[in-house]
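Chains as they are written, first to last, in the working numbering: chain A, 1 to 228; chain B, 229 to 456.
Just to be clear, a hint being listed does not mean it is correct.
What follows is a set of in silico ranges between Cβ atoms, one per label pair, in the way DEER data are often shown [as the list claims (entries may be wrong)]: (1) A/181 with B/426: 26 to 32 Å; (2) A/35 with B/420: 39 to 45 Å; (3) A/81 with B/328: 22 to 28 Å.
Rather than coming from a laboratory, the hints here were simulated on the basis of the structure.
Glycine included, every Cβ here is placed at the ideal spot set by N, Cα and C.
Protein chains: 2
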Amino acid sequence: MKWHFEDFIYGSFDGSVTTFAIVAGAVGASLSPVIVLILGFANLAADGFSMAVGNYQATKARIEFIQKERKREEWEIDNMADTERQEIRDIYAKKGFANELLDEIVKVITARKKVWIDTMMKEELGLIEDGRRPLDTAISTIVGFVSIGMIPLIPFVFLYVTEIHLSVQNSFLYSTVFTGGAFFLIGLIKGKIVKKSLIRSGTMTLLIGAIAATAAYIVGTLLGNLIK
Amino acid sequence: MKWHFEDFIYGSFDGSVTTFAIVAGAVGASLSPVIVLILGFANLAADGFSMAVGNYQATKARIEFIQKERKREEWEIDNMADTERQEIRDIYAKKGFANELLDEIVKVITARKKVWIDTMMKEELGLIEDGRRPLDTAISTIVGFVSIGMIPLIPFVFLYVTEIHLSVQNSFLYSTVFTGGAFFLIGLIKGKIVKKSLIRSGTMTLLIGAIAATAAYIVGTLLGNLIK
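Chain A extracted, bound-state conformation (with noise of 0.2 Å):
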C-alpha cells in the first residue's frame, strides 16, 4: 500500500474539528463521560468511514476523468492527425527547438503513438496518471480521521477508566488542550513533508485548526443546550 500524506492530513483534520465538536455538544448537554466517549468513537467510524469512501469515489473520478481524456487524445490522434502533430510541434517549439531539429523531433515522437498520447497528455492537458490508487488514498484518510481525531477522546478515557478523580468540566479543559496539541501535530506532519519550518507549520495549523474548532464549539454548545 502506498502512503498519501495529503489524505491523511486532511482526514486528520477533520476528524480532530468533528470529534472535538462532539465533545463540546456533549459537554454542554451535560452528558456522563461514557457517553461522550461512545458519540466520540461513534463519530470517528461512521464520520471516518463516509469520508474515506468519499474520498476513493473522488480519487476513482480522478482516474476516470484522466482516461476519459486519453481516448479523446487518442481519438483526435486517429482522426485528426495533421492537428496532432502540429501541437506536438508547438509543444517543442516552445521549449526552444527549431528548424529541421524540430522537424526530427515532432517525427520521432509522432512515430510511436504511445509516445504521441503522452506528450499530449503530460505537456497539452497537463495530466499525469499519478498512480494514486482510490484504496490507498481512503485508507491514509480514514487512518488519519481515525488516529488523530481520536486526540480529542483522550481525556475522556482517562476519567473513564483510571481512577483519578478528573471533573468532566477538567476534562473537557484538557480535551480542549488536546485538539490544540493534535492540530500542532498535523501542522508538524505537513511541514515535515513539506520540508518547511515545523514550528512554523505547526502554528500555522494550530490557528487554522482553532478557529474552525471554535466554529464547531459555538454549534456543539448551542445543540448540546437544544437537546438538554
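Let chain A serve as the given structure and place chain B on it in line with the hints.
Just chain B now, with coordinates in the frame of chain A:
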C-alpha cells in the same frame, strides 16, 4: 474561481452521509422536527467548514510539496549537472531518440534551466503544477457539502414549514428516499464529468452510499437511543 468537481463530489458525499446520520440519530432519540433541522443545518455549517479547511490544507500541502521538489531539482541541476544531463538523456532515449538527434535534444533542453527543470518534474517525478488553488478546492468542497448535504433535511423542512401533516416517522422515510436520491445525483454528476454511463454511475454511487448510510444509520440510532 475554478470549479473542482472531484472536491465537489467528495464534499457532497460526505455531507449527505453525515446529515443522514444526524437525522437518524435525532429521530432515534425522538427529538422534535425543529431540533432535527437545527442539528442538521448546524452540522452542515460546522462539518462543512471543517472539511473545507482540511481540503484547503491538503491542497496547500500538495503545492508546497511540488515547490520543494522543484527546488531540489534546481539544486541538483546547479550542483550535479552531469547526472541530471544523463537523466534527460535517459528520458528521451526511452521516447525513441538515439545518436546525434538525442545529443541535440539534450543540448537544447539543458540549455534553458526552466525547460530542464520542467522536464525533470514531469518526466522523472511525474509532478505537474496543476493550478489547483487551495481556495478553489475548498469552496468546491463546502458548496458540495452544504448543497447536496441538505437534501436529507428537505422532508423535515416541509414538515416544519408547511401545513402538510407528515409524521416524524414518515418524514424520516422520505428523508431516506431523498438521501438515496442525493447519492444517485452525485453519481450522475460523476458520470457526466468522466463521460461514462449516467445510469451505471448513478446506481454505483447509490449502492456505495447505501452502505455508508447504513453504517451511519446504525451508529446514529444507537446514539439516539443513548441520549434518549
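Consistency of the hints with the structure:
no. : hint                         : in the structure
1   : A/181 with B/426: 26 to 32 Å : violated, 46 Å
2   : A/35 with B/420: 39 to 45 Å  : holds, 43 Å
3   : A/81 with B/328: 22 to 28 Å  : holds, 27 Å
Checked against the numbered hints above, the structure violates only hint 1.
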